[in-house]
Every structure is written in C-alpha cells, then in structure tokens.
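Put together the whole structure using the sequences plus the hints.
Line by line, the protein sequences give chains A and B.
If you count the first sequence from 1, position 78 lands on 69 in the working numbering, and the numbers rise without skipping.
If you count the second sequence from 1, you need to add 23 to reach the working numbering.
Simulated from the structure, these hints should not be mistaken for lab results.
Among the clues, some could well be false.
With a straight-line cut-off of 25 angstroms between C-alpha atoms, the simulated SDA-like cross-links for lysine to any residue are [stated by the list, open to error]:
1. A/K33 x B/A513
2. A/K135 x A/V194
3. B/K250 x B/V277
4. A/K(-7) x B/S580
5. B/K413 x A/A193
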Amino acid sequence: MKHGGRWDVRTSGLRRLAWELQRRTSVEVLLEARPMSLDSPKLFEHPFLYLSSDGDFPSFSASEVENLRRYLTFGGFLFADANDGSDGAGFDAAVRRELGRVLPQTPLAALPLTHVIFKSFFLLDSAPGRFLNKTTVEACVLNKRAAVVYSQNDVLGALNRDEAGTWEYEPSPGGTRQRELATRLALNLAMYSLCLDYKDDAVHLPLIMNRRR
Amino acid sequence: MESHDTLQLVSLSPVPSWALVALSLAAVFGVGFACWGVRHEASRRRKWLMWSLRVLAGVCALFFLLEPGLRRLQVARVKNRVAVLVDRSGSMAFPVEPKAGSRNDAVADAIAKLSPEFQAMGDRYAFDVFGFDPELGAVTVEQLRAQPPLANRTDLFGALRAVKAGDSGGARKLAGVILFSDGADNADLASGLGERPRAMLEQLGVPVTTVAVGKGGLTDLSIDAVKVDDFAFVRNSISADVEVHGRGFKDQAVQVVLKREGAIVATKSTTFTSNDETQTVKFTFTPDQTGRFVYTVTVPTYPEEVVAENNTRSFALKVIRDRVRVLLVAGRPTWDERFLRGVLRQDANVELISFYILRNGSDDSGVPAGLEQQELSLIPFPRDEIFQKKIDTFDVIVVLNFGHEDSSISLAQYRRDIEHYVEQGGAFAYLGGDRSFGEAQATSMNPFERVLPVTTAGPGDFSPFIAKLTAAGQRHPITALAVGGTSSEAAWAAFPAIPGMNLTRARADATVLLAHPTTLVDGKPAPLLTIAEQGRGRVLAISTDASWYWAFPSHASGAPTRNYERFWSNAIRWLVRDPDLTTLSVTADPSSVEPGKPVGVVVVARLPDYQPAPGAKVVVELVDANDGRVVGTQTAEAGADGTLRIEFPPPPPGAYKVNARATKDEKPLGEGTDAVAVRAVGPELADARVNAPLLEAIAKATGGAFFDSVNFTLSDVPLREPPLVEVGRSRDEAVWDRWYWLTLLVVLLGLEWAVRRRFGYV
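As structure tokens, then:
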C-alpha cells in the first residue's frame, strides 16, 4: 500500500513471498506486487493488501480512511508489518493511530495461537519475523474474519533480499530457522486470506488436533 | 297419565310440634318413673304386669296427643323417556358373524322383538328409537331394514350428548338409554374411554345400557393406521409404522408392500400369532427427491375377507430439505473460491463441506521429509469417500477450477459417479478457470462434459467485459437480482467488468442466462452462465473463475449491494428445486382425500418477475400416478391475485399427481406439480371389529347394563323410576276421635290403679 511514508522497503520480501507461494502451494500468483494507493480505483481488484514502513507515516486522508474501511468491511485483507519492529513509536504508533480511525469499533487484539491463521497451511506455535518481539500477531476481527493482521516482528524483513540477492537481515534471535518460520507465517497469512477458516472445518480438526499433541 | 288414590297416615293435632315433642317426652318420663317405682317388687310377674299396663297407658296418651288421621291423595305417575339409539354407520353393514346377516338387520330384529315389552311398559316409559349417522334422527324398524347404514363416521359420545341435550326442559325425563352399536367408534372414543370422556359420561346422569352388535370370528385383514410424520428431509431416512390388523389369520405370514406412486419402495412380512391381533410393521426409507409424494401401503386381499378396501392405505409425504448440503471442491485457493466460500458460509440455509487442493504433487512445501505430518496441516483428499460413498448426501456439488491433468487430484475417475448423481436428482455446478475447461487449451479435457450444459470451445478470452443478460436471463429466477427484468438487467450492467472467461459453447438443450457482450462462439454470444436439466437433476456452468468480481470489486464504487449473495442464493435454490422458486405453485388441498370427496387444487401463478399473474390461463391435469393416465383436465383463469382453486370430481381410490401449466398472453409461466392420495375407505370401513370393551366401559361409567348380544329383556335394563305427582285434591279423615280409643285409655288407667292398689303401691 502506498502511503506518505516509506512504503516500499519490503518489495523484495513481497516478491519472495509470492515465489514461496508458487513453490510451496497450489496458489497461482503474479510474482510482482502491485503498488496501490488507497484511493486507487483498482484497489478492490486486489483483496490482499500489505501495509508496512520502517517508521512513522502521515495520516490517511478522510477519503482514504473511508475507502480502507469499505475495503476491509466487504472482504479485503490487510497485513500490516512493522518493518522497524517498533512498539509504541514509529510504525507501531502510526498504524495503531490509523487503524483506530478506520475501524474505531474494532480495535487490534492479540490472536491466540489456536487461531486458524496458525494452521492454514503450516502448523505454527509462534509468529516470528525478522524479530521475535511478540509471540503472536494482533488482528481486527470483522464478522469472525480477521480483516487486519498486524505483526510487530517485521515478517517480510526476514524474506527481504538486497540487490545482490543475499538476505538483507539476519533474523534475531533464531537465525535461519526463524527465517523459515517467518516465511511459513507469511504463507499462512496469504493462505488465510484465500481460504478463510477452511482449516477450522470439522473435517480437518481431528487430524490437526492429533498432530498438535 | 292415569290417576289413582293413595292414603297417607298423618297427625291432625293442632298443637304445635314443639309442644307435641315436650308432651311426648313427659309421657315417656311418666312411664319410666312409674316403672322405677316398682323396681323392688319381688314378683317378676307383678312387676311386668304393672310395667305393661303403664306403657300401654302411655301409648294411648300419646295417641290422643298426636291425633292421627288418614290423608287421601289423588296422584299420577309421570311417564319417562327411554332413548333407543341405533348406530347407522357403515360398519353396521358388516355381518354379525361369518355367513350371517348384517349387524344392522340384527338390530332391527332385536327392536322388533322388544316392541311388546316396550308396549307393556308403556304406562311408565315412552321408548323413542333414534338412528345416529352421526346426526340423531327418529327411525323405525321398517326404515332400519329398508335403508342400509352408510354413515362414514361413528360418534357414540356425540350421539349420547345429543340425546341428553334433548332431555332439557321437557316434561318427560330421560330414564335411560339403550345403545345398539358395534362400538367401532372413530371419533372421540376411538382410542378408548379416557378419563375425560368417562367423567363426561358420568355427568349424563342416566344409565346407558349398551348392546354389542356383532361377534368375533370375521376374517379380515386391514391396515388400521400408518404412523408417519407429515414431512421428511430429503436424503434422510424416515420411518413409517404400519399397523396391520389380522382377524382369522393366525400363524399366517402376510406381505406388506410400501410403494411410492407405483414403484415398490420396500416389502416386509409379518406373521400373526393369534386370530385377532395387530402387528406393527416398521418401514424405514430414504426419500431422494424433494416435493410431495403419495406412498401406498398394501397387504394382499383374500377372498374370505369382510372388507377388501381396507387392505390399502395411502398417505402423502412432503419431502423437504433440511439445510442445503453443499460440497465445494476447489482445484486451488483462488479469490473466486474465497468469496464463494464467504457467501456460502454466511448463508444459514447452507451446510458447507469443502475440500481445496492446497498443494500439488509437484509443489515443495519446504518441510524436510518425514516432518510433513508434524509441520503441515494438510490432510489427504478423501476422493473415494466423497464421490463414491457419500455423494448422495450432498444436495449440490460445486467444482471450482479443478484440473484433470494431474491424476493424483483429478476427478475424472469419478465421472460416472457424478453423472449418476446428477441423473438421479443431484445438482452440479461447474465453475471455470485456467484448469476447468481443457486446462486453458483449445481441446477439451473435461471429463464431465456429458452432464455439463457447455463444452469447451477454445482457449480463454482475456479481454475484460461486462456480462450481458440474455433474453432467458431477463426472466430467470437465478439472474433475478431485482424485481422486474429491467431492474435485473440494470443490476447486472452495474457489475464491474470481469477480466476474462473460458470460451465454451452451450449444449442444444441448455439455457444461457449470461453471455459475453461481443465475443461469439459458433455465431452466438459466448455463454458465461449456462444451465440445463439433466435427467432428474440440474446443472449449472460459469465459464470464468472471476465471478468474485461481482462481489468484492463491486463495492469499490461505494454503493454496497448484496447482488453477489443474491445471485448465489438464487442459483443454489434453483439447483435444489426450491419450491418457492417457481412461477407456478400447485398445491393439492387437502393432500389426502377421503373416498367420495372431490380433489381440490390451489394454483398460484406468478409472472417471471414473481408478481401475481391475474388472468393467467391455467391447465390442471389429474394424473394417475401409477400408470400416467390422465383422469381429468380442467382449464380456468387465475384471479386478480394470481390464485385459482379448482375441484375434480371424486376419482377412484389411488395415488394421483396434479400437474399444472400456465400461460399469460400466450407466454408460458411455468409448470408445477403436487401429489394427492385418495383413500380407498374412510376410517369407518377400515375397521371391521366389534369393540365390546368400549361399550362395556360406557355402560359401567353410567350405571347401565352391558349385553354382548341382542338377546336380552327389558326387565334387565336399569331405568330410572318415573316420579309420582299430586294431580287432585286431598282429604283428611280423623281416626283418633272414636269412643273405643277413649274407653281403652280409661280401662288401662283404671286397671293399672286397681293393680297397684291390690299390690300395695297406692
């Protein structure tokens, strides 16, 4: 999502996510992410929206707030990712401020690790990114659907590569294993946006519960 | 009313009663005191003599105090009524016993035989003979013999109440009731004499003497009752308890057959262990279609049976769906799948079962070998179980962008299962995508083309377009997003453009509802939404995987609509043949008709936009469900509200379909159907038994007598005594003022004085 701050610091991470989706799942993707502003007429053709920055960003305009509210209300999915790993300042403060305007009745709340997001493709018991500041993610839930998922761990930071093709950041504290888990979390989020609570269907539950033991 | 005299002993004393009581006590005291005075007398003889004289003197004194006299009264006894009730229901035409006369004739003979006794008791009772059918009416023996009993109902309690009601206000009181019946009540007392009827009978206040007409020993096989719910859920089992009554069938096995409109559903056998027994045969069956159907239970008819017509019993069963059970299988997660899942999950009338292929065989999950079970949430796709074992449990199967090149996930091997499912009434929706129609190739690889309404016509067309309603689409309920064809057209035109479609061609018998506005296939607009009837099922194809553009992107303009939800709701309802989604509603009213009654049909005709169709020309046919023969045809016009009620003359017993079709201004409005069961016999003739226990219970509850045959005498019938009433003047004659009573008193007193003096007590 384009905004007034540094919105494009994880472009290669998005490309990596698309590639991983293509490689690991049956989902067909376009490898290049489409940058989109909130007032773009094409916004509603892309139900998965990635919002990130490595710091504060300016407030959305009133029309952008209204558009994002409609986007989320009618089925869109927003993944907000704090590239700076901030807590109470920087991106964290900005995103909480803007989401408070967009969905004032639905504040962010921590998702339990039993939520379907943690089993939509991979079985996960944490939500790591480049950091491991928080053990889980937060979400705004509309009609039992997590319309917004917010991570303070810079999930796509673990997938970002520089122009030379090397990993841009070393995940901390888990290193390579943490990068894999961050990738899996990102894939699970994409899968959740496509399948919703499919893995909560009765047919899946016994098997998944058995595997989690 | 004849009068006569009667005498009563009365007191003529003018002294007030209290004074008489006081004087009487004084006399008793005087006698006692005198006796007390001679208690020491040694001679018992003397003592008894003095006591006797004093007692006699006291009695004489009391006699004069009371001044007794005789009252001569002229009285008469009021004649009471006795109601003789005769059951005139159809079952009274059954024989009393095998090869004997009818029960009705036995009653006529019995009343004729009792007539002399009626006359003999005529000074006290008036015997009125009534027949009840179930209305009460005076009847004579001659009428009983001349007019066979025909009533289709036996209401003993109602007849007794009617007799009692006629008792109020009349000079003649009801002294009793004599009831001739076989006891085969099929009204309030059908299930016996419960507490409430018993209490009400006790309140009648007159003895009811019951006479059971008829004996056992009849040979008859009957279906007494079929206990089944009024409706069933499609593809869910339902039980029907059939009560088969056998009389004279001890140790015989009887075949019980359940049919649905001529087709055998199940057959069972039951064996009777006695000569009068009811066996309950339970049938469990699974309706596979929605709608109303007539089921018929039949037992064989034997030549020696009293009633043949009660060997068959029909009932109408309405088969409805519970929640629509939708199976959604997706070849891969897509936005089309995501928004379709969203709309189906939100629909309270839909139970969604879904399977998505999340990983192809060539995909590398990145999980080390051996750890997939621990780290992946994927489960095997249970294809055999779904498409072979449980396919019939689904109302609708939606296949979305499913590929057929990869044999590990292909559904091609279940082609015949799906074809059979559709042919037998299932619903199949096939949605497009890069894999659905020939893997985006020009040549078809679709294994389901035999049941689909379209076939592959070439590679996909990826130019954005806005779908256009066809002429059929403008009036079809699936594409009716608003009231009226024009409004629906506008609603479809307001949807955003979708980015591409599969090129298909419609089957000859298919209906295209939406099409590409410009791209042609075989000279016709390329179909986008196509439907067809396939066997007993329905199929639908959407030649794109971008129908989700009618959902999420349609909200971009800021004008929220629920048209995507409405479209899928319409589509699911059409696929499962929702009765409300027809323009012609046909209802048999009632759905089960008693013999001899007309068959009523209510038709509601609507225009394609579901507005009432006043003046619509409706043709209704009554068709024998067993052989398809048209029994009757009627044509009429719907009223201002599109509603029409017609009646067919009473048809023979059996199962019938009511088929209707309607036109308005020469344009067809649709067709509809319903089912109706015409019973062979009503409840009256279905039961040939003699219910003596019920008659005995009635007699016991009212203080009457019970006779198990018509051979009885009136002297054994308890009747209330008629009361006496004073009808003339009375005259009193004194009997105390005679000289000899006074002489007796003087002699007794004098004698006692003399005796006392002699014995030394004076």
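Evaluated hints:
no.: 1; hint: A/K33 x B/A513; in the structure: holds, 22 angstroms
no.: 2; hint: A/K135 x A/V194; in the structure: holds, 19 angstroms
no.: 3; hint: B/K250 x B/V277; in the structure: holds, 19 angstroms
no.: 4; hint: A/K(-7) x B/S580; in the structure: holds, 20 angstroms
no.: 5; hint: B/K413 x A/A193; in the structure: holds, 16 angstroms
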